[in-house]
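Participant: Using the sequences provided together with the hints, build the complete structure.
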Amino acid sequence: MPAVSKGDGMRGLAVFISDIRNCKSKEAEIKRINKELANIRSKFKGDKALDGYSKKKYVCKLLFIFLLGHDIDFGHMEAVNLLSSNKYTEKQIGYLFISVLVNSNSELIRLINNAIKNDLSSRNPTFMCLALHCIANVGSREMAEAFASEIPRILVAGDTMDSVKQSAALCLLRLYKTSPDLVLMGEWTSRVVHLLNDQHMGVVTAAISLITCLSQKNPDEFKTCVSLAVSRLSRIVSSASTDLQDYTYYFVPAPWLSCKLLRLLQCYPPPEDGAVKGRLVECLETILNKAQEPPKSKKVQHSNAKNAILFEAISLIIHYDSEPNLLVRACNQLGQFLQHRETNLRYLALESMCTLASSEFSHEAVKTHIETVINALKTERDVSVRQRAADLLYAMCDRSNAKQIVAEMLSYLETADYSIREEMVLKVAILAEKYAVDYSWYVDTILNLIRIAGDYVSEEVWYRVIQIVINRDDVQGYAAKTVFEALQAPACHENMVKVGGYILGEFGNLIAGDPRSSPLVQFNLLHSKFHLCSVPTRALLLSAYIKFINLFPETKATIQEVLRCDSQIRNSDVELQQRAVEYLKLSSIASTDVLATVLEEMPPFPERESSILAKLKKKKGPGAVSVTELDDGKREAGELNGGGDRGPDTAAMAASNASTPSPSADLLGIRSAAPVGAAQTNAGSLLVDVFSDSGPAAPSAAVNDDGFLSSAPPSEDPAPPLSEADELLNKFVCKNNGVLFENQLLQIGIKSEYRQNLGRMYLFYGNKTSVQFASFTTTVSCPGELHKPVEPLVEGGAQIQQVLNIECITDFSDAPLLNIKFSRYGGALQNLTLKLPVTINKFFQPTEMSSSDFFQRWKQLSQPQQEAQKIFKANHSMDTEVLKAKLLGLGTALLDNIDPNPENYVCAGVIQTKSQQIGCLLRLEPNAQAQMYRLTLRCSKDTVSKRLCELLAQQF
Amino acid sequence: MVCTDNIDFTIPLQPAADRRMIKFVLMVNRQGQTRLSRYYHSVELSRRAALEADVVRYCLSRKKDQCSFVEYKDFKVVYRQYAALYIVVGITDSENELSIYELVHNFVEVLDKYFSRVIMFNLDRVHIILDEMIQNGHIVETNKSRILAPLTAIDKMVES
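In order, the protein sequence lines correspond to chains A and B.
Numbering of the first sequence is given in my numbering, commencing with residue 1 and proceeding in unit increments.
Numbering of the second sequence is given in my numbering, commencing with residue 1 and proceeding in unit increments.
Everything labelled a hint here was simulated from the structure, so no lab data went into it.
A virtual CB, placed ideally from N, CA and C, is assigned to each residue, including glycine.
It is possible that part of the hints are untrue.
[What the hints assert, rightly or not] Label pairs and their calculated CB-CB ranges: (1) A:SER297 to B:THR152: 23 to 31 Å; (2) A:ASP438 to B:ARG57: 42 to 50 Å; (3) A:ALA28 to B:ASP112: 30 to 38 Å; (4) B:VAL108 to A:ILE871: 31 to 39 Å; (5) A:LYS24 to B:ASP112: 26 to 34 Å; (6) A:ASP438 to B:ALA50: 46 to 54 Å; (7) B:ALA50 to A:LYS87: 35 to 43 Å; (8) B:THR152 to A:ILE871: 51 to 59 Å; (9) A:TYR418 to B:THR152: 46 to 54 Å; (10) A:GLN577 to B:ARG57: 45 to 53 Å; (11) B:LYS63 to A:ASN114: 35 to 43 Å.
Facilitator: See the structure below:
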């Protein structure tokens, strides 16, 4: 192998990289990079005849700069040019740049597709691989349309080189994922499955990824892969490591391929064919046996590779869940790992055992390791390992060991990492309820939880303990006594006060016989906490007081005095004031009978699934949704029309009726001035219809714990739009997808598509925190109307989606507003207003036309108010490709060979509104020396010219 | 009334989560500077820097005796340290951690075999190597000589 010299001859690149490496500070690095960017930009602009080598060098530099974390907004065209080079290294850099920097929405796709087409037909395997890599990396719809039928042919053709087959398999996988409708496997299915038999192991490795994905979607069509995978696996497992020389890694035969085969088998139930099943069981036994054999090498790589296969085999055994013998062996093996000196192995063993615990065959075997696991919870130095230990304890818990496990988890909670406390609290609460033999143990456990980790006890947990106490009369007296004792502590958590207030209010009479907990003592104890509590807790305590008046008439005078004082009946919080006033009156006027009826003991709660369990499931469910990817379930939810105020709709319709729709297919220049009436209806002329993906769910009550800190309640009115709302809006004039808004709490992403005068917008609200957002509501107004419902709760780390359907009734200037309100558990109400990036140009239909047509229409639109012009300084790159991309993003057709000056750009399009079509012509004249632009718009409607001009001036 | 049912919107909704794959590969130095990054799922450019900084800070802060697998948000991170260089791989929850851990080592051995000097000067070649090993988030080749085949071919062309 030749020793590679610095930069492979690209000296400029080597020097630049050296410079960067020698930079002492971030500032110096940025300075050096900016200098280089300016240099490259001038090189790309200046000398038209840049040779391939220089282009490669500069593109390579840009790539390097990008990899250092700087945004690159030019050079795409040069990279595309490199694709057509005949030199491998140039072509390779071009493809690399494109696959790293070009996303699937790029306007360059058509050019790239051409280059790819050439390379695919070149019969040069290295070129073909590059092209296939590129398709696999970019994977856009256009690429799928162009190549989806070609790739399977390449994949299965007899004369295709192995390396090309590998790339083709992964390429097809990508296209299948992005555009499954275009990849028709039908006739290819059997030949693709037979790639599992390919003599080349690399081809098998690549093909398995494709087959695994396809069989997850169409298990029946691909089920022949099971027997092929088993025989392939069997050949690998039973071979001596020397047989597979090329694919042996530290004496382990083909570890990655084995893992992938075992993974593929996990897409299917155990093989029905007895012979196949026998062979597979034999393989799994061999893998388990090998774990016990002395290692063939002392190197950690050897044991890691071997164990990678072992863990995958155990996953398969657990997946089948039908071979008690194998399950118990797996469990014993993992048990050994629990005490291994490698932290990685202990982590994986705990994780894997967690799934074993749920199998009826191995549950008991898992339980035998309880002491080791408890020890891990106490002594592991790594929080992620301790977390796994806690998970495993939860999974192995049953009636026989619940008390021990709950006690251990409680004592761990005292010192547990903050990051896992909330989950631990939920788990303890669930186990305590699920395996409670006597309810006094349950009550003790929950009160302990509140005492130890009160901050992490969510509402669900303390609601639940109250539900249970109310429903079981055998525990009520004990609960009252225990909570009374817990409240004696000088500093007790507010959640304890809530539980105490509620329980004593209902069942204080059960302990009132003891002079140490007489009614007045109980009341004084509760009231001593009152002033330190938040508004909701104080409201709860006031209710407890009125219940006391009913339960214990002797406390009436004292409590009335408390209610009567100014801080209660004149409290600035309306809820507290109302309760104080009403309770005071009720206690003075109502007869004992009425009082007893009104304040009767609460009725039992319906028995249903524990709300805490639901919460934990949401938090850590099997279908946990990733932040970036959508949950299918949510997406499929019916698009129920949320209903609501239709008033503005009518207004918009009325406004549109005022204008004259023209049936003419001739688009431009015919209709001159628009009716005067419509011009004034800009606001509210866009109808936004909100569809909820969740159906009308009742928003849960917001608990605003900050209430007592600020005397004024938080405003319920939508906040005024953010100061940067216009700036955010401008980001989306030329694009439809992206992140609209992001702060520390919330991220709002947008995907939208427009067709004629209709649009559909997907809004993704992501909760960036680890705590739930409650009362999450969104309201769209355009401006001055519409409404809500999204899922009212957004879990920590989760994302919810909302779909808006949009129709453009007539032209408009003001973007619709999106108001978002939510409260964070324990935080203030958040109220945020943004502008939805719906701008008039979204309803553009591009119009291609000849030069003569263009000028004829340009002349027709010659009334002074039809033209809008602006001269402004360039704010962004003046790079040709960037400009072109922006103009195309605008939605118009970019017309070539029309303007006599080739530096200028002209575009044409028609804005589709429900009431009319508005023809628009655009001309953009850049002046590179002065870094200025002149922008001219001529539209058949004056308001549109003006608005487009304003919008576009911000874009260049 | 708005009726949009008759319109065939073709917004490609994101594919359902691929259950098992590599999400990204990063090479980072001890100062936390990214020297190479490769993403196999779409992450907005603007979010990459934040993600990298976050993940890397987390890995750098860990001690030798801590485990090499870290749960990060909705995915897992497998990392391995070689002197001043960290290699960090993001994977989906169900990916086999140990096999990825060794894949990193295999990758480093390939780099060792090929480069005699600082690899910073040959990032394009590191990319070629990585692309030979992982495509689209899936392992495609693990045999060292075959991984290096395209580079060997280029070097032969240059020499002749």
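Participant: Please go over all the hints and tell whether each is borne out by the structure.
Facilitator: Hints versus structure:
For the pair SER297 of chain A and THR152 of chain B, the supplied restraint of 23 to 31 Å holds, since their beta-carbon distance comes to about 28 Å. For the hinted restraint 42 to 50 Å between ASP438 of chain A and ARG57 of chain B, the CB-CB distance of approximately 48 Å keeps it satisfied. A hinted range of 30 to 38 Å for the beta carbons of ALA28 of chain A and ASP112 of chain B is consistent with their spacing of about 31 Å. As the Cβ distance of VAL108 of chain B to ILE871 of chain A is approximately 57 Å, the hint placing it in 31 to 39 Å is violated.
Distance hint check: the CB atoms of LYS24 of chain A and ASP112 of chain B are about 29 Å apart, consistent with the given range 26 to 34 Å. As the Cβ distance of ASP438 of chain A to ALA50 of chain B is approximately 51 Å, the hint placing it in 46 to 54 Å holds. At about 37 Å, the beta-carbon gap between ALA50 of chain B and LYS87 of chain A stays in the expected band of 35 to 43 Å. Distance hint check for THR152 of chain B and ILE871 of chain A: the Cβ-Cβ separation is about 57 Å, which falls inside the suggested range of 51 to 59 Å.
The given range of 46 to 54 Å is respected by TYR418 of chain A and THR152 of chain B, whose C-beta atoms sit roughly 52 Å from each other. Between GLN577 of chain A and ARG57 of chain B the CB atoms are about 49 Å apart, so this pair conforms to the stated range of 45 to 53 Å. At about 53 Å, the CB distance of LYS63 of chain B to ASN114 of chain A disagrees with the hint of 35 to 43 Å.
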